[in-house]
Amino acid sequence: MISVNTPISIEGSTCILMRDVLGGSTNDKYTSQEQGSLKVWYEEQALRETRDAHPKIPVYGFWQSLIASGLIDTSKRLQYIFTTESKDFGYYLYSHEGLLHTGSLFHDELQRLPGPAIQEGITVADGEEITVSISDLKLPDTPLLTHKERIAAAVLVKKKAQQQGFLAVALVSGLALLVDTGLAHHHKSHMKEFSKVNTELHIAEQALAAVNRQKLENWPSQTKALSSLYQVTNAFTGSNISGEINLLPNQPIAIEVEDSRDTRARLSMLADMGIQSKRISANTTIIQWVNDEAY
Amino acid sequence: MKRTNPIIRNIAIILVSSMLAAFYIITGNASREYPSIENLQRQISQINDQVEIVSQKADLPLLPNIWHSITVIASTHGVKVSPLKQAKDAGILDSDIPGGTPWYGVIQGNSRNVAIAAIEIQKVVPVIFGAAAIDNEVIGLSFAALGSELEN
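Line order of the protein sequences matches chains A and B. The working numbering puts the first residue of the first sequence at 27, with every later residue one more than the last. The working numbering puts the first residue of the second sequence at 24, with every later residue one more than the last.
No lab work stands behind these hints, which were simulated from the structure alone. Glycine included, every Cβ here is placed at the ideal spot set by N, Cα and C. Heads up, a few of these hints could be off.
Unchecked claim - Chain B regions said to be covered by chain A (calculated; three or more residues, Cβ under 8 Å):
id	region
1	53-67
2	84-91
3	98-107
4	118-128
5	148-161
6	164-172
Using the sequences and the hints, build the whole thing.
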């Protein structure tokens, strides 16, 4: 049998069930607490007195524990439960159009019934008894709290959520920092290796340059260009010859020859050697060719 | 004190964090370039191969010896040899030099003699002929003698 205001053991924990009500308070001394989808109402002063009488024992509401144990069905019109072996005292829950009302039950008489129930002429015989042993009861998640305690608990929950939020942000930031540091370290190692190999490349280039300064793969030859130069100067000995030329491969050569004598035979001879000429005036001829010889 | 809605606060935290992360990425702090080490190693390998091939060639004669040979050949043809003070006057660029260490000079004299001397010089020592200025029967032909500065 469930007894009220005396220490009992539910799920192995010692606790006290104090009287609470469902369906709202009758005065401002009451405070409420949510239990599942319902609200239980209780007097803060009664809660404090019960705690004073039984220090260190958590206090739960009578109806609160029944709700937590899944014994309350608000769709039923009347439910009642006895709290004495003799079944002469207990409590009832009256439900009408979504409104709840709780009261006491004495010698099968429903005390302080609400208006609709009186009009209905409802009696214990119309209700359903809640039969439960203490071993079947379950403890609600939270004992009854005063208004201040509830606010403090809410603040604590909020603070905890905030801390968890900050912790999560710090964790993600820390993880990101760790990954970034790891990548930076990897990049640094790569660049160190790159720098080392780059130095090796410079050394190799310097070695090649040093070898090139002392070796020559092919001996240069500009015989053709020099021969042409000789032929032109030889053919026009005594003439006015001028020009600024370059004997390097693929360079066009142009030499100006000024001669009042007949130069046709000489130019023809040069033409046979592949040296072209262009007469630009009566006495002036441009002799030209391109050095197509690679050394 | 007015309390901030926790959802708005969380969204604000996520937004600020995202913006900071985006700023970090956009400013290039998160991007890291990895230049190819393999590419460098390939280049080194190619250069080393080239060094090995070129090393097998005989060393060029020392520049003073080359200069001496040029002077001797030039004098037999009555041609004057003098060094060039500025390499650019030879009309020969670094890219025109196939190897060796260049020493720039000019041979001057009768055009025919200079042409014959130049042909003979090039047969005896490695020389590149570049710019030339002809004025009547006199020519100045610049050259780059290619030799070695070190002892063989």
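Check: Mind checking, does the region 98-107 of chain B have 3 or more residues with a CB under 8 Å from chain A?
Finding: Violated: only 0 residues of the region 98-107 of chain B have a Cβ under 8 Å from chain A.
Next item on the list: Count residues of the region 53-67 of chain B with a Cβ under 8 Å from any Cβ of chain A, then say if the count reaches three.
Entry: Holds, because 9 residues of the region 53-67 of chain B bring their Cβ atoms closer than 8 Å to Cβ atoms of chain A.
Notebook entry, point to check: Holds or violated: the region 148-161 of chain B covered by chain A, criterion of 3 or more residues with Cβ-Cβ distance under 8 Å?
Noted result: Contact hint for the region 148-161 of chain B vs chain A: holds, 12 residues under 8 Å.
Margin query: Can you tell me if the region 164-172 of chain B counts as covered by chain A, using C-beta to C-beta distances under 8 Å and a minimum of three residues?
Written below: Since three or more residues must qualify, the claim that chain A covers the region 164-172 of chain B holds, with 4 doing so at under 8 Å.
Check: With a cut-off of 8 Å between beta carbons, are at least three residues of the region 84-91 of chain B near chain A?
Finding: Result for this restraint: violated, n = 0.
Next item on the list: Confirm or reject the coverage of the region 118-128 of chain B by chain A under the rule of 3 or more residues with a beta carbon closer than 8 Å to the chain's beta carbons.
Entry: With 5 residues close enough to chain A, the hint holds.
Hint check: violations occur at hints 2 and 3; the rest are consistent with the structure.
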